[in-house]
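J.: Below, each chain spelled out in residue letters.
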Amino acid sequence: MLKIENLKAGIEEVKILNGIDLSVNAGEVHAIMGPNGSGKSTLSAVIAGNESYEVESGSIIFEGEDLLELDPDQRAHKGVFLSFQYPVEIPGISVSNFLKAAISEKRKQLGLDPISAKDLLGKMREKMELLNMKKGYLSRNMNEGFSGGEKKRNEIFQMAMLEPKLAILDETDSGLDIDALKIVANGVNKLKNKKNATIVITHYQRLLDYIIPDYVHVLHNGRIIKSGGKELALELEEKGYDWITKEADKKWG
Amino acid sequence: MGLIEAIKKYNLTNPISNVENSDAFTYFLNNGIPTNKNEEWKYTSLKQLVSNDFSVEAEGEEISQEELDKSTLKTENQIIFLNGEMVQKPEIDGVSITSYTDKNPSFEDAFTALNAAYAKNGYRIHVEKNVHLNDSIEVIFLSKNTTNNFIQYRNRIDLNENSSIKIIEHFKCLDKNLCFTNSLTNINLEKSSNIEFNKLQNHNDFQIVVDNTIINQDEKSYSTINTLLLGGKFTRNNLSFYQNGEYCESNMNGVVILNNNEFGDNHTYVDHKKANCESNELYKGIYLNKSKGVFNGKIMVRPDAQKINAFQANNNLLLSENSSINSKPQLEIYADDVKCSHGCTIGQLDDDALFYMRTRGINKDDAKTILTFAFASEAIEKLTIAELADITKKEMEKKLNLSLN
Ligand SMILES: Nc1ncnc2c1ncn2[C@@H]1O[C@H](COP(=O)(O)OP(=O)(O)OP(=O)(O)O)[C@@H](O)[C@H]1O
Ligand SMILES: [Mg+2]
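Those sequence lines, one after another, are chains A and B. Following numbering that gives the first Met the number 0, the residues of the first sequence are numbered contiguously, the last one being 252. Following numbering that gives the first Met the number 0, the residues of the second sequence are numbered contiguously, the last one being 404.
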């Protein structure tokens, strides 16, 4: 589904991603871990199409198509979704109107009939229930004044509404209390199927108890320096990153 | 013949007989059209525009019913001026509407002086005590000329005790010649009266407007001026509120969206003379392409004016590198028990917000439009006449579409 090869990207003169290779197939869950500043959010931003990062070389192929040729909105229409580490406040537009705009545009671009207001509302209600969200939330302005946890839950709510093929969850667990974590993880699991894939970026093994990854990758200095199964996360939890980052530093300098 | 010469020539064929008017004219001649040297006109220049050929109060071309129908908002109560002459007015119980010439005109600067000297057309609305008008009165000044024309109006609105009214005023020019309007409206509010005055300024590329509104408020009176500056070659609005009694409230609400080479200047002045009054001012400006804006908000709190609440905000969005805004709050506070807040912001659309929206599938132009509407919404939501909010939104959409594509 997703194939990243030798991806190098940065901002102005600063190199952040130094050659990323990653393959994700439909039905899989990949976890990306790694120290602060290793480039996890940058990688997700580049996949989603943030124009402030310059791609120096490499490719991102998504379902046979070169993502780097597409605008962020076109990537969204193809089914790429990013749950932001720091969701942005959009004043003056309610959650429901925001989603209406997003979904209408997506349906238009995919050549689908517009969804009726009633059906849309029904779907919103259903997903809100899934994520145990408070009533009245739909009429609040997008992320404005939301608590940290509410913002994260709102990201997953949007994901549930947009039904992406590839969801990248950038530290969606941070800021969530234990109950919220379970609810959100449960929501993500319910949305999972054979045709979609998830990349979870996290610092904590805890989330991976709920969303069980097929693969775990360690990112360091803009490179994936180790990949393994779900037991790798447990090992990292126990030993920290030192033992692999030192080795990598020797190799790459 | 530039405007000044045209006015002098007009003076030769239309000599002034009484003292008040000739004093005003002398003042105008001595001061001339304000230049950037005048502090109040520092960022606002008419120099080029007034060097164009002008005629003064030219006769005007015939305006068809169809042209008229297209220009008005089709409201119930219309006061219609065609080429300076009042041709229609509504009959309303408790409200007298007449055409108006100011017998004792005052002035404070060159434009109001010129207006005092020569404006002979205008309307007067007088609302009797305890009369509350539910429907708004629409005033339209429509003109059509085959030459560049300079035209003046002088109006007066009096609200007796405990009365209320809503007005929509707009100037329209139908031809493709410069159309320079210099207008002045005096509004006098008796105790507990309430006016909402809407200036719909969706002017075209040929319109030059200098508009003065002077509001004198008695105790417990309430005034709101909504300025919808949605287009026009050149617009200068001067709003002045004088709070002459206690417990008054003065509100100003502005939406400015300009494109291409349009220019708009909002100068406001609130004179808090008495205690326990309020003023609220919110202007939202959106500038596209090479458009330019000026905002100058002066608030005076005199020594006797204790317990004043004065709020002022001017927020601006520059949507192009070539657009600009000069925004200046001016507070003069001589009382100590006063709550004054003011803020002026100038910014661009937030890139992070744009990216966030685009990752949800909203295309770039729509995302920009949504954010721009969100920016203006606070001011648009204050409009009580739905049709004006609709016109404002449509005009915004049109301008954004034009400039984003
Ligand atoms: N817009 C930017 N401007 C300047 N530097 C940036 C920018 N974005 C990222 N960086 C730098 O790139 C590096 C990687 O940042 P990134 O946010 O991708 O790390 P991360 O792995 O997500 O870290 P964390 O675990 O703290 O979220 C950091 O050193 C960061 O300072
Ligand atoms: Mg990060």
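Since the hints were made in silico from the structure, they are not lab data. Warning: the hint list may mix true and false statements.
As the list claims (entries may be wrong) - In silico lysine to any residue, SDA-like type, Cα no more than 25 Å apart, as pairs: (1) A:K107 to B:M395; (2) B:K175 to B:N400; (3) B:K381 to A:I10; (4) B:K363 to A:Q108; (5) B:K367 to A:I10; (6) A:K107 to B:K175; (7) A:K99 to B:K175; (8) B:K367 to A:A100; (9) A:K238 to A:N220; (10) B:K363 to A:L137.
To be verified - Covered stretches of chain B, going by a simulated chain A footprint (3 or more residues, C-beta under 8 Å): (11) 347 to 359; (12) 369 to 379.
Glycine included, each C-beta is placed from N, C-alpha and C at the ideal position.
J.: Take the hints in turn and mark each one as holding or not.
T.: Okay, the hints, checked on the actual structure:
no.	hint	verdict
1	A:K107 to B:M395	holds, 24 Å
2	B:K175 to B:N400	holds, 24 Å
3	B:K381 to A:I10	violated, 43 Å
4	B:K363 to A:Q108	holds, 14 Å
5	B:K367 to A:I10	holds, 24 Å
6	A:K107 to B:K175	violated, 41 Å
7	A:K99 to B:K175	violated, 42 Å
8	B:K367 to A:A100	holds, 13 Å
9	A:K238 to A:N220	holds, 19 Å
10	B:K363 to A:L137	holds, 23 Å
11	347 to 359	holds (count 10)
12	369 to 379	holds (count 7)
The structure fails hints 3, 6 and 7 (numbered hints given earlier, in ascending order).
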